[in-house]
Amino acid sequence: MNMPELVWGVVGFLLTVMILSYLIGDNFFFRLAAYLFVGVTAGFLTVLIARQILWPYLLQPLLEGSTYQRLWVLIPLLLSLMLILSQISQLRALSRIPLAFLAGLTAALVIGGAVFGTMIPQMRAVVIGFQPAAWHTESRSSWMHTVDAVVMLIGVIGTLSYFHFGSRFKRKTDSSDLSRPRLLQALARVGEVFIGFALGALFAGIFSSALLAMIDRIVFLGGWIARWVGGG
Amino acid sequence: MLVLICSECGAENPLGAKKCELCGAPLEGIVPVDLPRDDQPDSPGDEEHLTDLLHSLKQDDDQDQLFDGADGEISPSPEHDEILEDTEQPDDEPHVPEWLHRIRQRAQTEPDSIGEITQKINAARESLETAQKEDQEQQLQSVLQKIQDEVEQKPPDQDPDEIEDSEEISTPGSVHENWLRRIRRKHRPAEAEDATEILSEREGDSLLHWLVALENGEQTMDELVEEAPVDDAGRAEDTKETAISRGSEQATREIILDDIKGTQLEAMALSISREEQARADQLAATMRSDKEKRPVQISDKPAFNRGLRLGIGFLLITILSLVLFMGRPGERVSGVAAPHVRDMAEWVGGLQEESMVLLVMDYSAAFSGEMTLIATPILRGIFEAGAEVSTLSSAPAGRLLFDHLVEEETLIDQRVVTDLGYYPVGSFGAYGLAHQTLPGENEPESALTLPVKPFDVILILGDDYEGVMAWIEQIKGLKPDVPILLLLSAQAGPLLQPYWESGQVAGMISGIADAVNLEGQNAVSSIHWFAYRVGIVLMILMLVIGMSFPSSREPLGDDGGER
Numbered sequence: 001m002n003m004p005e006l007v008w009g010v011v012g013f014l015l016t017v018m019i020l021s022y023l024i025g026d027n028f029f030f031r032l033a034a035y036l037f038v039g040v041t042a043g044f045l046t047v048l049i050a051r052q053i054l055w056p057y058l059l060q061p062l063l064e065g066s067t068y069q070r071l072w073v074l075i076p077l078l079l080s081l082m083l084i085l086s087q088i089s090q091l092r093a094l095s096r097i098p099l100a101f102l103a104g105l106t107a108a109l110v111i112g113g114a115v116f117g118t119m120i121p122q123m124r125a126v127v128i129g130f131q132p133a134a135w136h137t138e139s140r141s142s143w144m145h146t147v148d149a150v151v152m153l154i155g156v157i158g159t160l161s162y163f164h165f166g167s168r169f170k171r172k173t174d175s176s177d178l179s180r181p182r183l184l185q186a187l188a189r190v191g192e193v194f195i196g197f198a199l200g201a202l203f204a205g206i207f208s209s210a211l212l213a214m215i216d217r218i219v220f221l222g223g224w225i226a227r228w229v230g231g232g
Numbered sequence: 233m234l235v236l237i238c239s240e241c242g243a244e245n246p247l248g249a250k251k252c253e254l255c256g257a258p259l260e261g262i263v264p265v266d267l268p269r270d271d272q273p274d275s276p277g278d279e280e281h282l283t284d285l286l287h288s289l290k291q292d293d294d295q296d297q298l299f300d301g302a303d304g305e306i307s308p309s310p311e312h313d314e315i316l317e318d319t320e321q322p323d324d325e326p327h328v329p330e331w332l333h334r335i336r337q338r339a340q341t342e343p344d345s346i347g348e349i350t351q352k353i354n355a356a357r358e359s360l361e362t363a364q365k366e367d368q369e370q371q372l373q374s375v376l377q378k379i380q381d382e383v384e385q386k387p388p389d390q391d392p393d394e395i396e397d398s399e400e401i402s403t404p405g406s407v408h409e410n411w412l413r414r415i416r417r418k419h420r421p422a423e424a425e426d427a428t429e430i431l432s433e434r435e436g437d438s439l440l441h442w443l444v445a446l447e448n449g450e451q452t453m454d455e456l457v458e459e460a461p462v463d464d465a466g467r468a469e470d471t472k473e474t475a476i477s478r479g480s481e482q483a484t485r486e487i488i489l490d491d492i493k494g495t496q497l498e499a500m501a502l503s504i505s506r507e508e509q510a511r512a513d514q515l516a517a518t519m520r521s522d523k524e525k526r527p528v529q530i531s532d533k534p535a536f537n538r539g540l541r542l543g544i545g546f547l548l549i550t551i552l553s554l555v556l557f558m559g560r561p562g563e564r565v566s567g568v569a570a571p572h573v574r575d576m577a578e579w580v581g582g583l584q585e586e587s588m589v590l591l592v593m594d595y596s597a598a599f600s601g602e603m604t605l606i607a608t609p610i611l612r613g614i615f616e617a618g619a620e621v622s623t624l625s626s627a628p629a630g631r632l633l634f635d636h637l638v639e640e641e642t643l644i645d646q647r648v649v650t651d652l653g654y655y656p657v658g659s660f661g662a663y664g665l666a667h668q669t670l671p672g673e674n675e676p677e678s679a680l681t682l683p684v685k686p687f688d689v690i691l692i693l694g695d696d697y698e699g700v701m702a703w704i705e706q707i708k709g710l711k712p713d714v715p716i717l718l719l720l721s722a723q724a725g726p727l728l729q730p731y732w733e734s735g736q737v738a739g740m741i742s743g744i745a746d747a748v749n750l751e752g753q754n755a756v757s758s759i760h761w762f763a764y765r766v767g768i769v770l771m772i773l774m775l776v777i778g779m780s781f782p783s784s785r786e787p788l789g790d791d792g793g794e795r
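Taken in order, these protein sequences are the chains called A and B.
With my numbering, letter number 27 in the first sequence gets 27, and the count goes up by one each step, no holes.
With the second sequence counted from 1, adding 232 to any position gets you my numbering.
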C-alpha cells in the first residue's frame with residue numbers, strides 16, 4: 001500500500017465512519033461529513049461546468065472563432081448576462097427574458113416528451129396487449145397474456161379514476177354530498193390497490209439500493225482494514 | 233322677576249313680549265312666572281332630553297367639551313387602566329371615560345339599542361304633547377304654582393328627595409332646570425312605561441335598563457352603584473364609571489343628570505353579558521398562554537431509543553460483515569432470468585465489431601457499488617464484441633464513475649472510448665442527442681461533440697427513474713428506431729418496467745437480482761448477493777418488529793434527530 005492509497009484510504013474510512021455515526025443520532029461528525037460532501041460537490045460542479053460547458057461552448061468560440069461564430073454565441077452570452085444582472089435590484093426585470101426562455105423551452109421539451117414519449121406509447125401498449133401478434137413468443141399460454149392485458153387495463157383505468165377529482169353536478173348543491181359518481185368511486189378503489197402495489201415496489205427498490213450501498217461500504221471498510229493490517 | 237315662559241320652546245321672555253325671542257311663538261295668554269333670579273339666561277338647549285343627549289353624545293366627536301365643566305378628577309383604578317388598555321380605544325381620544333367608551337361600543341355592536349329608546353320616547357312625548365297641546369299652558373302654570381307652593385310650605389322633616397328638590401329650586405341658576413325636570417317627571421310615567429315595556433323584553437341588556445331607569449328618575453347614580461349587578465360568572469365589574477356634567481350655561485348642549493351632585497365622579501358598575509365575559513376570559517387566557525413557557529414534549533426514553541438504534545445498526549453491520557467475509561465465496565446462485573434481462577443479454581450478444589454504443593451515465597456516486605455489480609457483465613460483453621463506445625454524462629461525476637466502473641476491466645481499450653461531455657439537464661442532452669445535427673461550417677470544432685454515425689444502441693445507466701424517463705421520452709420521440717437498453721438501480725426499476733412492456737426499451741437490468749440471474753452460477757457478485765439476501769431478511773424482520781412495537785408515539789425534540 002503506497003502513500004496515496006493509504007491517505008485516501010484513511011480519508012474514505014473516516015468519512016464512512018462519520019456517516020455511519022448517524023446511528024447514534026445527529027452529531028458533529030455526521031454534519032461535518034455532510035457539509036464536506038456538499039462543498040466538494042459544489043466545487044466540482046463549478047469546475048466541471050466551467051471546463052465542459054462555458055469554455056468549449058462559449059468562451060472558446062468568442063476568443064478563437066470567426067465572426068459568425070462570435071455572433072452566434074452572443075445570444076446565449078446576452079441571456080446569461082441578463083440573468084446575472086438580475087442580482088441588481090434595478091435591473092431585476094431583465095432576468096424575465098432568459099427565465100421565460102428557459103421556462104418555455106423546458107415546458108416544450110417536457111410536455112412534448114411526456115405526450116409523445118410516454119402517454120401515447122403507454123396507451124398503445126395497453127391496447128395492443130389484447131393483440132396476440134404483439135405477445136412475446138414464449139411458453140406462456142394465450143390466456144395468461146389476456147389476463148395480463150386485462151389486469152393492465154383495469155390498473156390504468158383504476159389509477160386514472162383515482163386521480164379524477166371532479167364531482168357530480170347538482171342543481172341544488174349540498175355541500176355535504178359532494179362526491180364522485182359511484183362508478184368512479186369503485187374504480188378509484190381499484191386504483192388505490194394498484195397505486196399501493198406500485199409504491200410498495202418503489203419502496204422495496206429504494207430499500208434494496210440502500211442495502212447494497214451499505215454492503216458496498218462494508219466491503220470497502222473490511223477490505224481496507226484487511227489490506228492495512230496485512231501490510232498491503 | 234316675572235317672565236313669560238314660551239309654551240313652545242320654554243324660553244324665558246321678558247314681561248310684555250308678544251312673541252318668543254327664540255322661536256317666535258306668540259306669547260299671548262301666557263301667565264307670567266315669578267322666578268327667583270331675574271338674570272338667568274335662557275338657553276335653547278335646556279330642554280334636551282337625556283336620551284337624546286346621550287344619543288347625540290354617541291355621535292358627537294367633540295368629546296373634549298364633556299370635560300370642560302368637570303371639576304372633579306377622573307381617577308380610575310388600576311384595573312380600570314388595564315381594561316382601558318385592552319380595549320381598542322382610538323389614540324385620538326385618549327381621555328374618553330370608559331363608561332362612554334362602553335356606550336359607544338354597545339352602540340356600535342347594537343346600533344338600535346339607544347336609538348330605539350330615543351325613538352320610542354320621542355314618539356311617546358310627541359303623542360303626549362299632541363294630546364295635551366291645548367291644556368299645556370294651564371298645566372304649566374299649575375305645576376309651577378304648585379312647585380312654588382311646595383317650596384314655601386316645605387316642613388322641616390320632609391324627605392331627602394323633597395329637600396333636594398327644594399335645594400335645587402333655591403339654588404341660583406338651576407330654577408329653569410328644576411322647572412323642566414318637574415314637567416318631565418310629571419309626564420314621564422306614560423312614556424316610561426312604554427319604554428320599560430319594550431326594553432323588558434331585552435333580557436340582559438343592562439345598559440338599556442340603566443338608561444331607562446336613569447331617564448325615569450327611578451334610580452340615582454348612587455343606587456346604581458349599590459345595585460351593580462353581578463354577571464353570571466360571579467365576577468363584579470370593578471370599573472368605575474364617571475359622570476360628567478357641564479358647567480357652561482352657554483353651551484349648546486348640557487348634560488342634565490338630576491342625581492349627579494355637581495361634577496362629582498361616581499363609580500358605577502356595568503353588567504357584562506355571558507358572551508362578553510367568555511370572550512374576555514378567552515382573550516386573557518390567550519395572552520397568558522403566550523407569555524407562559526410551553527411544555528416541551530421530550531421523549532422519556534431518548535437514551536433507550538438511541539441505544540436501540542445503535543444496537544440494531546451494529547447487529548446488522550456485524551451480521552452482514554460475517555456473511556461477506558466469512559461466507560463461502562462460491563455460493564451457488566440459481567435463478568431464472570426475467571424476459572427483459574434475456575432481451576438485454578441478446579442485444580449485447582448481438583453486437584458486432586465497430587458497433588456504435590453510447591453509454592449515458594445518469595447515476596450518482598452513492599450507487600456506484602450497485603451499478604458496478606449490475607453493469608460489469610454487460611460492459612464486459614460490449615467490449616468483448618469490439619464495439620466503439622462513447623460516454624455522455626448527465627450526472628456531474630459521470631465520467632469519473634465510468635472510469636471507476638471500468639478501471640479493473642482489462643479488456644477495455646481506452647482509446648475507443650469517446651467522451652461526449654456533460655449535459656446538466658438530461659432532457660436537453662437527450663434532445664440534442666436525438667437531433668444529432670452536425671455543426672455548420674463556421675461553427676467551432678468544439679461543437680462537434682456528437683459522433684456523426686448513428687448509434688446502434690444507447691445504454692443508459694441510471695439510478696433515478698425521472699432522469700432515465702426523460703432520456704427515453706426524448707430519444708424515442710425523435711429516434712424511435714434507436715434501441716435503448718437500461719442498466720438501473722433497484723429503486724429505478726419498478727417505475728421503468730412499463731417502458732419495456734410497451735416496447736420502448738429493448739432490454740433492462742434492474743438491481744442486483746437481475747444481474748445475478750443473468751450471470752447465474754458464474755456471477756462475480758455472488759457473495760454480495762448472499763449478503764444482500766441476508767440483509768433483506770434482517771430488514772424485513774426489523775420492519776415487522778418496528779411496526780409491532782413502536783418505540784415512541786410522541787414527537788421527539790432535537791435530542792437525536794429522530795424522524
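In case anyone wonders, no lab produced these hints; they're calculated from the structure.
Remember, predicted model here, so these are calculated numbers, not experimental data.
One thing to keep in mind: the hints can contain errors.
Estimated spans, in silico, between C-beta atoms of each pair [what the hints assert, rightly or not]:
| id | chain 1 | residue 1 | chain 2 | residue 2 | range |
| --- | --- | --- | --- | --- | --- |
| 1 | B | F536 | A | S89 | 39 to 47 Å |
| 2 | A | V151 | B | L542 | 58 to 66 Å |
| 3 | A | T146 | B | E616 | 35 to 43 Å |
With a cut-off of at most 25 Å between alpha-carbon atoms, the simulated SDA-like pairs for lysine to any residue come out as follows [as the list claims (entries may be wrong)]:
| id | chain 1 | residue 1 | chain 2 | residue 2 |
| --- | --- | --- | --- | --- |
| 4 | B | K711 | A | V127 |
| 5 | B | K711 | A | Q122 |
| 6 | B | K251 | B | P264 |
| 7 | B | K711 | A | R51 |
| 8 | B | K250 | B | K352 |
| 9 | B | K711 | A | F165 |
| 10 | B | K711 | A | F116 |
| 11 | B | K378 | B | A510 |
| 12 | B | K378 | B | L234 |
| 13 | B | K250 | B | E361 |
| 14 | B | K365 | B | E384 |
| 15 | B | K251 | B | K352 |
| 16 | B | K711 | A | Q87 |
| 17 | B | K711 | A | G196 |
| 18 | B | K711 | A | G129 |
| 19 | B | K711 | A | M123 |
| 20 | B | K711 | A | G104 |
| 21 | B | K711 | A | L91 |
| 22 | B | K711 | A | D148 |
| 23 | B | K711 | A | F30 |
| 24 | B | K711 | A | M119 |
| 25 | B | K365 | B | E260 |
| 26 | B | K711 | A | S142 |
| 27 | B | K711 | A | L99 |
| 28 | B | K711 | A | A108 |
| 29 | B | K711 | A | A186 |
| 30 | B | K711 | A | V110 |
| 31 | B | K711 | A | P98 |
By construction, the Cβ of each residue, glycine as well, lies at the ideal position given by its N, Cα and C atoms.
Each hint, compared with the structure:
1. B:F536 with A:S89: 39 to 47 Å: For F536 of chain B and S89 of chain A the Cβ distance comes to about 53 Å; the hint is violated.
2. A:V151 with B:L542: 58 to 66 Å: violated, 45 Å
3. A:T146 with B:E616: 35 to 43 Å: holds, 40 Å
4. B:K711 with A:V127: holds, 22 Å
5. B:K711 with A:Q122: holds, 17 Å
6. B:K251 with B:P264: Distance ~14 Å between K251 of chain B and P264 of chain B Cα, so the pair holds.
7. B:K711 with A:R51: Roughly 30 Å separates the two Cα atoms, so the pair is violated.
8. B:K250 with B:K352: violated, 35 Å
9. B:K711 with A:F165: Distance ~36 Å between K711 of chain B and F165 of chain A Cα, so the pair is violated.
10. B:K711 with A:F116: Holds. K711 of chain B to F116 of chain A sits at ~11 Å (cutoff 25 Å).
11. B:K378 with B:A510: The given pair, whose Cα atoms are some 53 Å apart, is violated under the 25 Å limit.
12. B:K378 with B:L234: Answer holds: K378 of chain B to L234 of chain B is near 16 Å, not above 25 Å.
13. B:K250 with B:E361: Holds, at about 23 Å.
14. B:K365 with B:E384: violated, 29 Å
15. B:K251 with B:K352: Not satisfied, since the Cα-Cα distance of roughly 32 Å exceeds 25 Å.
16. B:K711 with A:Q87: Measuring from Cα to Cα gives roughly 40 Å; hence the hint is violated.
17. B:K711 with A:G196: violated, 34 Å
18. B:K711 with A:G129: holds, 23 Å
19. B:K711 with A:M123: holds, 19 Å
20. B:K711 with A:G104: Holds. K711 of chain B to G104 of chain A sits at ~23 Å (cutoff 25 Å).
21. B:K711 with A:L91: Violated, because 42 Å separates the two Cα atoms, which is more than 25 Å.
22. B:K711 with A:D148: Violated: K711 of chain B and D148 of chain A sit about 29 Å apart, past 25 Å.
23. B:K711 with A:F30: Answer violated: K711 of chain B to F30 of chain A is near 46 Å, above 25 Å.
24. B:K711 with A:M119: holds, 17 Å
25. B:K365 with B:E260: Since the Cα atoms of K365 of chain B and E260 of chain B sit roughly 15 Å apart, the hinted pair holds (cutoff 25 Å).
26. B:K711 with A:S142: violated, 32 Å
27. B:K711 with A:L99: violated, 29 Å
28. B:K711 with A:A108: Distance of about 18 Å is within 25 Å: holds.
29. B:K711 with A:A186: Roughly 40 Å separates the two Cα atoms, so the pair is violated.
30. B:K711 with A:V110: Given pair K711 of chain B, V110 of chain A holds - Cα atoms ~16 Å apart, limit 25 Å.
31. B:K711 with A:P98: Given pair K711 of chain B, P98 of chain A is violated - Cα atoms ~29 Å apart, limit 25 Å.
When each numbered hint is compared with the structure, violations occur for hints 1, 2, 7, 8, 9, 11, 14, 15, 16, 17, 21, 22, 23, 26, 27, 29 and 31.
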